[in-house]
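> In the order they appear, the protein sequences are chains A and B. Each residue of the first sequence is one higher than the one before, starting from 1 at the first, in our numbering. Each residue of the second sequence is one higher than the one before, starting from 1 at the first, in our numbering.
None of the hints are false.
Chain copies aren't distinguished; within one or between two, either way the pair holds.
Calculated pairs, DSSO-like style, for lysine-lysine (alpha carbon to alpha carbon, straight line, at most 30 angstroms):
hint: 1; residue 1: LYS305; residue 2: LYS329
hint: 2; residue 1: LYS221; residue 2: LYS47
hint: 3; residue 1: LYS4; residue 2: LYS56
hint: 4; residue 1: LYS56; residue 2: LYS118
hint: 5; residue 1: LYS272; residue 2: LYS305
hint: 6; residue 1: LYS47; residue 2: LYS180
hint: 7; residue 1: LYS272; residue 2: LYS351
hint: 8; residue 1: LYS372; residue 2: LYS400
hint: 9; residue 1: LYS221; residue 2: LYS118
hint: 10; residue 1: LYS4; residue 2: LYS47
No lab work stands behind these hints: they were computed from the structure. Keep in mind that this is a model prediction, so the values were computed, not measured.
Protein chains: 2
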Amino acid sequence: MNPKVEIFSQGEEVITGQVADTNAAWLSQQLVSLGFQVSRHTAVGDKMADLIGLLKEIASRADCCICSGGLGPTSDDLTAEAVAQAFNLPLQFDEVALQQISGYFARRNIAMPEVNRKQAMLPQGATRIDNEWGTAPGFCLQYQHCWFVFLPGVPFEMQHLFTETVRPDLEGRFSLQPEKLVIIKTWGIGESALQAHVNQIEIPAAVTVSYRAGVDENQTKLLFPHDYPPEATSILVQQVAAQIGDAVFAIDGLDKTAGDLVSVIADLLNQKSQTLAVIESASQGLIAAKCIGHDWLVSSSYNQKLSRLNQSEADLINTAKRLGRELQKSCAATFALVQFYDGSEQAFADKNQTITLCSVLLTEQGFCQQSKTVAGTLQRKQNQAALYALDLLRRFLQQKESLCPYYD
Amino acid sequence: MNPKVEIFSQGEEVITGQVADTNAAWLSQQLVSLGFQVSRHTAVGDKMADLIGLLKEIASRADCCICSGGLGPTSDDLTAEAVAQAFNLPLQFDEVALQQISGYFARRNIAMPEVNRKQAMLPQGATRIDNEWGTAPGFCLQYQHCWFVFLPGVPFEMQHLFTETVRPDLEGRFSLQPEKLVIIKTWGIGESALQAHVNQIEIPAAVTVSYRAGVDENQTKLLFPHDYPPEATSILVQQVAAQIGDAVFAIDGLDKTAGDLVSVIADLLNQKSQTLAVIESASQGLIAAKCIGHDWLVSSSYNQKLSRLNQSEADLINTAKRLGRELQKSCAATFALVQFYDGSEQAFADKNQTITLCSVLLTEQGFCQQSKTVAGTLQRKQNQAALYALDLLRRFLQQKESLCPYYD
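Start from the sequences and build out the full structure, keeping to the hints where you can.
Dropping the structure here:
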């Protein structure tokens, strides 16, 4: 059984929603990869009674707790005092901590403000965690069954202290057996359809399956115990991916991390030094924007007039083929991708109405096309338009059977 | 005393750190603005015992609880069942919910998968919250002293259900005395510069000032007690805004909500039926993408060759003027906006190197221009490029003095 860890975040800016708690997410990823079982995240503000109550709660539930925030110099930074009161470990002055804090200011030619002296007071028996990246030292201590680690809330200080001191310490302190996570990434297939596919396969009881629906991809996640045989892992993953079919654009965690849809396309285009030119309509710039940093995108354009041709879908496809072929030649691009839609402007803007998104891909030998009906807000339709168009290119590059290319 | 609310997030993707809990942050902002005191955020995964335990805990502590996640159709979506067990309210089939779910699929011409039937099972006595944006209906119920609201975890569905149903219901159900929040929105000025400006003004002790640095705008937030006189509020806000200067593009919360930079531009262009055509370089499609749904954007283009002219900044500005003038004529657009940059591709891609972003705006009478040096990741530079270009147009439309227009 993997040790149970909780994440504790302290700060009014978190509790009032001024910032999302990205520290909790970052720490959780680290702890999961180490082999911990993350059981709970809790955030509270700067009320002493809340902090004390929460520390006692966690001590009774978890094997380990990583806390961030509340170590600053100001009066609303209460964590050390809360620990002292909750666990009856009076604050004691740490001479070395004060030298480090005053050294931090000295290196910047600033006189240390008197308030920072407070940061050198640590609970009795705590081990100091040196902080070269800011003024607040962290600290750690055992209370009853739980190992508590306290880190500053500034993300880059917290990450440095965790990576360089806390992580190696935890690896020595706990007996950890990390599970192996494999993620099958898909576009154009819903969560319930994914589940229906996966249900066709017999999944061993030791393997946990879960799903995650995102804006840019849907994921099927397989979690294997640390001692699951690698060959059996690989066979099961391939079996599930084959069952889901051509919607799978990448598998992360087997031997590599493929990244998102654009990264997968980038790998395929770069292998053959191929290039792409794009005409956008419903996606209105978003295909180009998603391809930032990639050399193979040579041009893209959006023109309101082309988005409002009021032609039948068949005529639109012919127009798209003609425009795409011209673009492909004028840009000397390997591929031209034309993204357009069939539907009124009103239907496009109305979240309750659907439009038909069409993509035509001009290749070196011919073309292929795909249409899809989508509903939702303008922004959702725009994003789906960009992704369905890019996915048409991905399917062609991966030579998926569900795609029927036509030859000129 | 304002009622105490807790935020409860359910999902393995949150607890394992695959996503930051942005739902908790969004809900907290909403609840603070309504007049609630947010006391705690908690996230747990999909373990039934954890869910049941947490529901009981919250019922004993809070006046209200907003829960998101765990209402999906798959086997790891346990929230309704956990509520049923925790509060002894057996799940009951809701005929209307099933009609809505099957209607959702019918409108998309998809047969409803059998697993989605589960989403029509609600705890006894719960009030259904209709969901037109997805398949999972929300629900709410009183248990002991606490009013519980359960919403789907997909952010855009959650936000719609909260805004359109939950928020008005909470306003009727609780006696709330919200403080008045006024947000002064700026682009192109940093948090510490904002603070230096505001420090020039004497802020009454009853008013709380805070700052928020965002990706698309920086905010100066003034929080007034619920009984603060409206005239005094207005005078102080205008004083602070004047001190900050031309970087202020909108003020939210005085008498209206202006929205983001694009919404402000949209209002100004629509008043005079003016139109815009764009050439993008570092922003690579993002200006067009941000203007989705606005009629005044008539065209935009990105061309890799134009992004790599290797000219001096002065020559680039002349090239931009010529291309912009041609575009303005060919599209019959009121304005042409040309976004380009000075710097190597390598500097663009390297987060530690800077590039100079330049924008040229062609108007009916002449032109104006602005340059800005930026560092950071590719994505950050891309976003800054789009926003600095749009902000040039905003300053021209608002006739800001910091801008010096030139006449042909």
